[in-house]
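S.K.: Listed below, chain by chain, are the residues.
There are 2 protein chains.
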Amino acid sequence: MSPSAITPEGGSEASVSLREVGEFRVIDRITTDRVQPDTTLLGPGDDSAVVAAPDGRVVACTDVLVEGVHFRLDWSTPEQVGRKAAAANMADVAAMGAVPTSLLVGLACPSETPAKQLEELADGLWAEASSAGAGLVGGDLTSGPVMVVSVTALGSLQGREPVLRSGARPGDRVAVCGRLGWSAAGLAVLGRGFRSPAELVNAHRVPVPPYAAGPAAAAAGATSMIDVSDGLLADLAHVARASAVAVRLRSRAFTVPARLAEIGSALGLDPLRWLLTGGEDHALVATFPPDTALPADWAEVGTVEPADSAGPEVTVDGRPYDGDAGWIHFAKY
Amino acid sequence: MSPSAITPEGGSEASVSLREVGEFRVIDRITTDRVQPDTTLLGPGDDSAVVAAPDGRVVACTDVLVEGVHFRLDWSTPEQVGRKAAAANMADVAAMGAVPTSLLVGLACPSETPAKQLEELADGLWAEASSAGAGLVGGDLTSGPVMVVSVTALGSLQGREPVLRSGARPGDRVAVCGRLGWSAAGLAVLGRGFRSPAELVNAHRVPVPPYAAGPAAAAAGATSMIDVSDGLLADLAHVARASAVAVRLRSRAFTVPARLAEIGSALGLDPLRWLLTGGEDHALVATFPPDTALPADWAEVGTVEPADSAGPEVTVDGRPYDGDAGWIHFAKY
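Protein sequences appear in the order of chains A and B. Take the first sequence: its letter number 131 is residue 131 in the UniProt record's numbering, and every next letter is one higher. Take the second sequence: its letter number 158 is residue 158 in the UniProt record's numbering, and every next letter is one higher.
Not one of these hints is a red herring.
Residues from chain B that keep clear of chain A, each with C-beta distances beyond 12 Å, as calculated:
| no. | residue |
| --- | --- |
| 1 | 219 |
| 2 | 265 |
| 3 | 289 |
| 4 | 305 |
| 5 | 309 |
Covered stretches of chain A (in silico footprint by chain B; criterion: 3 or more residues with CB under 8 Å from a CB of chain B, positions within the stretch not fixed):
| no. | segment |
| --- | --- |
| 6 | 38-51 |
| 7 | 66-80 |
| 8 | 97-107 |
| 9 | 129-139 |
| 10 | 150-158 |
Since the hints were made in silico from the structure, they are not lab data. Since the structure is predicted, the reported quantities are computational estimates derived from the model, not experimental observations. Cβ atoms here follow ideal geometry from the backbone N, Cα and C, with glycine treated the same way.
Looking at chain A on its own, in the form it has when it is part of the complex (with noise of 0.2 Å):
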């Protein structure tokens, strides 16, 4: 079908709405012509997808972005807002070692959305999907007050054990790879109501995820491993707290951005805390045993030690770090 075959009289394509289209042609437009990668054993259009799960087990989370409270359409586009909520779902996949395979997305909207928002949506979703070599392959559009993206991201562990939160050890080397503290740059300058520098303001729009580092860390036997969602001091404490261990952390350890030394120094911010508790990049932390060599691109920012119960489960040069300890929901609503 040709999209001019769905456009009532007088109106333009751009502000068809979701109303006007019709939830079943609006899931059509969204669906038609993807490419869905092998694992999609069966894709959208019938009650339920089918994905292969190789080795007999699935890894599987969601998470969902609120307009208003995780991102703003006049801050960002449809486009920008499937990729966030894709990234951010696959980098929880990504964290206990597994490659994503599929997504599935539940939308509400405003039935006065146009229908092309809607189209771009996806196509963020499934640009960031195939970026990783997932697929979507199905969910539900339905009506509500605001944009609410509710994703589930499926995955593989491809025969290899879960790395999980808990296995932090005395002895560990903690490691990061991927963006700390872009994010958080990026929003403090759109909370200005900059619009640049670009680098930090699509940092904070779409987020990077280095997807591959996850297998590549469970391979290379890493003990723990968790995204940073809230923050790293905030994902850490996490990690200390379900490992039972202590996380010291280094700041000469960590190479502040150019970029981010330059906004700082203009906002009058340290740019250092960014890096610490800043969220939304979904950078990835990992602890190795003492004797293993990290893999490509990760980059050793602490060590494990043993839990003082008296004491801070993650300090930064000895101490509690003097900060927000990461982002806290329900600002709005």
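Got chain A sorted already, so can you dock chain B onto it with the hints?
M.R.: The following block gives chain B in isolation, referenced to the frame of chain A:
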């Protein structure tokens, strides 16, 4: 931790909100002390869950329920909403001929929502999941303007091929299993301000899908199957279109339950319309080869014939049914 430990000074347990308790503590309370089925290899608490997929494939589907669109918290308890959300998804798994193994739940709700409501919602999800042998393995909780419950269900085909919508062949028998029209009748009652008959109102609040009938139909050789979420005629139209056949129903094959006849008479409505067009009971409808014995509890209601390109895809007593053909979304937003 005892519940009183997280009750702020002066607040009663029932009224403590999500904002006061905090996302992580609510998740703790929702996930602690639940009994997972054997298929849950790793439950909630890490970046992702790990679920068994014994035959190397996983069935997956997502369904979204929005407050004010799919449920009202003055008509249903949170526990009933949880059951309904789980049921709608697990019925989609059963409609492939698969057995549900696990659920993931993306939940957005106002931060003023009492934490107790979220526990009750989780109780409902768990109760329904357990009734089908599945477990709640993961999810996400965040704030939003109304309650949005996005559930993903996973399932196992136990080595069988999935039963698609596209497999119906001329000569097949059409059969249904499970309740038809009960939810629609219950909604009609509620919409007129009544709270009884309880059987009907509860049928709207919590469907009772015949989960085991899906795998049984697959094992018996069903050629196509779908769950009745939008209404029997609307859902059979999906089967007819996907299979390129016509579906001919016989109204005399349907037995109108006494409860529906009574309330139809009281409201001046034809109860057969509820059976044919009412959604949300999540009965299963399938087609079987002519020489196949129907499994227990399946009732024959029509036959599959070659498609008539000029004629309607689904008829009742040889004619298109003169009534609403199912549930259309986007009424409110």
